[in-house]
Structures are given as C-alpha cells and as structure tokens.
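Since the structure of chain A is already known, use the hints to place chain B on it.
There are 2 protein chains.
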Amino acid sequence: MKPKFKFVIIGSGNIAWQMSKKLKKEKQKILQIYSRKIASAKKLATVHKCEYTSSLRKINRDADIYLIAVSDDAIAEVAGKISYLNSDKNIFIHTSGSISLKVLEGIYENAAVIWPPQSINKEIKIDFSKVPLCITAEKKSLTLAKKIAKLLSNKIYILEENQKQQLHLAAVFANNFSNHMAAVAEKICLENDLDFKILHPILKETFEKIVKVGPREAQTGPASRSDQLTMSKQEAMLKKDVSLKKIYGLISKHIQENQA
Amino acid sequence: MKPKFKFVIIGSGNIAWQMSKKLKKEKQKILQIYSRKIASAKKLATVHKCEYTSSLRKINRDADIYLIAVSDDAIAEVAGKISYLNSDKNIFIHTSGSISLKVLEGIYENAAVIWPPQSINKEIKIDFSKVPLCITAEKKSLTLAKKIAKLLSNKIYILEENQKQQLHLAAVFANNFSNHMAAVAEKICLENDLDFKILHPILKETFEKIVKVGPREAQTGPASRSDQLTMSKQEAMLKKDVSLKKIYGLISKHIQENQA
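As you go down the protein sequences, you meet chains A and B in turn.
Residue numbers for the first sequence follow this note's numbering, so the first one is 1 and each next one is one higher.
Residue numbers for the second sequence follow this note's numbering, so the first one is 1 and each next one is one higher.
So that you can see chain A by itself, here it is in the shape it has in the complex (with noise of 0.2 Å):
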C-alpha cells in the first residue's frame, strides 16, 4: 500500500506545479502552498483546493514534508527562514539539481534533494511517472525520501552528493550546451540567407544516434576524420567571432583527443 503523507509545497513555479499535481494524483495531502507573490500562491492552491500563503512565518506546522521548489539562488535563504518548522518528525526536500544537500544539512534533522535532470513546464503535460528523479540523501533520510520520490516516478537514481554535482554538469553539456551548439547553427543559417528547417532532418538523426549507438561511436565530421583542410577553412570563416573561432578550435581539438 502506498504511504499518505501531509505536504506543504514551498515555491509555485514549474516543478512545484508538477510535483504536487503529481502527489495529488496519489492521494497525498498538500496542506499549504507558500509563494514570495501571493496571487501565484493563490492559483496553486485553488487547483488543491488548500491553504497559501506568502509570508514564511505562517508555514502550517502539521505537514510531514516541506518541498522547498523555489528557484535556486532562493533556497538558501528560504531554508534559514523556514528553520522553526525543523523536527525529527518531518524532512525537508529541495528539488535543485545545482544546489547543494548541504544547504538543508546544517539545519535540519531530515533532509533530501529529490531532482529531476529534464526541464519541467508548468505549461507542459507530462507524465511524471516517467521522469528520471535523483535522490541525495543523508543515510538517516535515505529511506523516506525514497518513499517520497517512488510516489512520483518510476525512475529513481540514488546519487551521492559529488555524483549528483557532476551529473549536473553533464546535464550542463548534454542539454545547455548541445542546444548552444543548435543555437550557432542557427545563426550561421539566418546571417547566410539560409532556411534553418534544411537542418531539422539532421539534428533529429543526431539526437536519435545518441541515445541508440552512444555520442561516442556516433562521432562524424572534419575533426573526427582529422580533415585539416576543412578545419582550417571553416576555423577562418568564423574569424569575425574570436570567441566562436575558439570554440570550434578547442570542440575539434577535443573531438581528435577523444576518439571512439
């Protein structure tokens, strides 16, 4: 049977809209919602049909779970203001992947970061189910956070907090960076009179041999064949962007330094 806990939703942006749709569908309680602007706390709530509020000394005390979802250079602060709700009888949960557990360590008895590595949209239908959630924990915590993150997905990953640190920074590369990459592509078309949508067929193939053959043996390309004329050619094409021109220098440097 599946575990009811009593939340209390700290955030009302993407992931707090998410999560707690989410926990609703699994019959958990949320008690509360919290926001810096009332009206959003408000527009949560309605859809929970609970209390809101926008002052964080009037946080409902009976929840067994705070989820602190707030953006990540406001955790922190939210953490230490929210410290009088702090007991061994309930834990609290950030949801960052950049921020650290510690954060929460120093003033808790029981606390986890439960994160998902995928952008979440308010906006956006998704099944939660099938969100990857990554888990760090102090032993102690480990196990109700787990109970906590299985209520919402199916795919849990329990990481240590250095591997969540450098799972973030994959993600930084897998999703920031590929899609700045994307981004160039694009400019160059629009600069050149050229439709970006030639591309689309290529950039679909590119993220489907990632996932099917792996980034490693999927590796094409003027760097990948050593074709230093072509380097040499494209490297000056971009000589109006010094940074640019670096960029594609190091990237195919570091494509040859790293063949399959």
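Keep in mind that the hints are not guaranteed to be accurate.
No copy is singled out in the list; a pair is fine if it fits within one copy or between any two copies.
In the BS3-like style, the derived pairs of lysine-lysine whose C-alpha atoms are separated by at most 27 Å in a straight line are [claimed, not checked]:
hint	residue 1	residue 2
1	K147	K197
2	K22	K197
3	K209	K197
4	K204	K187
5	K140	K89
Simulated from the structure, these hints should not be mistaken for lab results.
The model shown is predicted, which means the values in this text are computed figures rather than measured ones.
Chain B alone, transformed into the frame defined by chain A:
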C-alpha cells in the same frame, strides 16, 4: 512526365548506394558502377544488374549523368582522371558538402553539386524523398541539376557556393559539435559511475525544443541565467581536462553574449 537519364555512379559508399537505389526506383538507367575496389563495385552493380569497373579509364561513355559519390579527399583526383568524358551533352555531379563546385568547374562543361546535409548510411533504410538536397551549380547547369535532384527528393534547396560552405559549417555545429557535447556528458557519467540513460529524457527534450521553439528561445542553464557561482564551480570541476575547462568557459561566455 519524369525525365529519363542514363547514369554512371562513381563510388560505392553510403551515398552511392542510397542515391542509386532511389534513381532505380524512379526508373532511371544505371549503366555502370565504378569503385576503387572491384568487389565493392560488383556488389552494387549486382543490385542494379549493370556493368562495373575499378578502372577510371574504363568509364562508360554513354551516360548523361556522372554521379561522383566518392570520399571528399578523392573527388578532385577522380574528377581530374575522368576529364576525357567531358562533353556538352553530359553533366558531372559530386555529392560533398565540404568540397567546392570549383573542383569540377574548371574541367567540365556542365557541373553541379547535389549534397544531402544529412548523414546517409547504406545499411539504414531511408525515405530518400524526404532527405533535403542542396544544389549548387552554375546558371547553365542549374535546370538540369534541379531535374536530377527532383528525381531523388522532394526537398530541394538552391544554394550559392558561399551559402553551401556556410551551411556545411552550420551542420558541423548542429550535428558534430552537439554530438560531442553529449559525448562529454557521457564521459562525465562513466567516470562517476552514473548511468548515461538518466540523461536520455533531457536529450530527447533538447532536440524536440530545438525543432519546436528554436534553439535561441530554448536556451536554459547556468550561463543563460548568468549563474556565476554554478559556472565557477563547474569550471573548477573540469580542471583535469584543460581543453574542456576552456570549452566550458568559452561556450558559457558565448551563450551570455548571444541571449535571445
């Protein structure tokens, strides 16, 4: 009505296989296959029930179209050695993104490039009619080149020589470099005992957003939100790979300089 041409296919690699199969499907006549390796020439010729040779001095003189689909570094040499076939009644077409039309222009009356900016694999079944094809040709050869390209695909783009070079550069970013970013992510995972599959959903999402909302709009991450703390921390984590550390810094800077 579709035109009927006689083709000689110079090459027996991925593009030679896929293009010749599509041409055959369109009821075109394949006269002969050339390959440096006689066994490879024979293999493809068997599919098409046609002549084959491994001698550039024995190319069939009756073709309307000579399709030069050999590796990039062999195109200039091949083009030089079969110049005896030049006439005003035929056309010479190569299929490379990185090699200029110029390698044919000096030698042949009629010349064009028909380049698929997508990786083509002879083992993987594709619907060639959906492969984008970029044509670069002198004015007098353009009409014929278009007719031939239209036999192969429904997605035809006419590019100037300079546009072709720029699109090839854009494709290196969109495909080779975005793939390498994923390869770096995979390496970080391997080194830290993390399952790269955790990142499959975010990779899928990354590509979907690039196509759906465009990469500029889709950009997220520490650099995008000017999260200097995370960037400094992550750069420091890469200290044992000096090139990669530089790549991290430069791409982050470039994202910030090119915000939407």
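We went through each hint and held it up to the structure:
1. In this assembly of identical chains, K147 and K197 lie within 27 Å of each other by CA distance solely across copies; the values are 22 Å between and 45 Å within a copy.
2. Only between protomers do K22 and K197 lie at most 27 Å apart by alpha-carbon distance; the minimum there is 23 Å, versus 36 Å within a single protomer.
3. Within a single copy, K209 and K197 get their C-alpha atoms as close as 19 Å, and across copies as close as 13 Å, so both meet the 27 Å cut-off.
4. Within a single copy, K204 and K187 get their C-alpha atoms as close as 18 Å, and across copies as close as 22 Å, so both meet the 27 Å cut-off.
5. Taking CA atoms no more than 27 Å apart as the test, K140 paired with K89 passes inside one copy only; the shortest distance there is 12 Å, against 82 Å between copies.
Every hint, counting from the list given before, is met by this structure.
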